[in-house]
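Novice: Starting from the given sequences, assemble the full structure and let the hints guide the process.
Below are the chains, spelled out letter by letter.
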Amino acid sequence: DTEVTQTPKHLVMGMTNKKSLKCEQHMGHRAMYWYKQKAKKPPELMFVYSYEKLSINESVPSRFSPECPNSSLLNLHLHALQPEDSALYLCASSQGTGNYNEQFFGPGTRLTVL
Amino acid sequence: AQSVTQLDSHVSVSEGTPVLLRCNYSSSYSPSLFWYVQHPNKGLQLLLKYTSAATLVKGINGFEAEFKKSETSFHLTKPSAHMSDAAEYFCVVSPYGQNFVFGPGTRLSVLP
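For the record, the sequence lines run as chains B and S.
Going by our numbering, the letters in the first sequence line up with residues 1 to 114, in that order.
Going by our numbering, the letters in the second sequence line up with residues 1001 to 1112, in that order.
Just so you know, the hints here were simulated from the structure itself, not pulled from any lab data.
All residues carry an ideal CB built from backbone N, CA and C; glycine is no exception.
There's no promise every hint is true.
[Stated by the list, open to error] Covered, in the sense of this in silico footprint (three residues per stretch, anywhere, with C-beta under 8 Å from a C-beta of chain B), are these stretches of chain S: (1) 1030-1036; (2) 1043-1052; (3) 1083-1096; (4) 1099-1106.
Specialist: Here you go:
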């Protein structure tokens, strides 16, 4: 299984809602990532988990809260988002965090904040 | 600081003609380099990667890229474009000890 899955595919939420994005991989990868991608732009790194521990937080606002319950799962909890947070949220995984490791990307969750 | 330049924001080719997407990078150490493709409303798919082995790298779907250290370039080529190649292409540099640095992307259009 060489796939990263993400649910839901689409999500519409109000600014007072709480929602979660889910990401799963069964490749035995020990590094997992959250990216945010705005239209016509490259992905921007948000968080990196290595061996289920948060290793990088790229100064992301606290209304985004990542969680790694086990080595196969990665969640992104959303609370009190702003309309400018509307974007495609991509999850990725890699064997490790060495620079030679390619990242495998999921299809993304298209988030709209009203 | 590491950076990636993709010299063309948009490339348009006719079906059956060659594709050239240009990428230049700056990096303090020998980096790993990747090309990813993203079709509309999809995730990113790895086309190929360079990790200090052979300088000519073959990828999926007939794509290949050549690492030229003296020119700090990693251009992506394909001999004959297909309609299904129309997508956004990202060149990525992965410096030692750091995370992915994405180029701004090149949109490839393929005309019938």
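Novice: Now look at each hint and say whether the structure bears it out.
Specialist: Against the structure, the hints come out as follows:
With 4 residues having a Cβ less than 8 Å from any Cβ of chain B, the stretch 1030-1036 of chain S passes the three-residue criterion, so the hint holds. Only residues whose C-beta sits within less than 8 Å of a C-beta in chain B count toward coverage, and the stretch 1043-1052 of chain S has 7 of them, enough to reach three; the restraint holds. Under the rule that three or more residues need a Cβ within less than 8 Å of chain B, the assignment of the stretch 1083-1096 of chain S holds, with 4 such residues. Here's how the stretch 1099-1106 of chain S fares: 6 of its residues keep a CB closer than 8 Å to some CB of chain B, so the rule of at least three is met and the hint holds.
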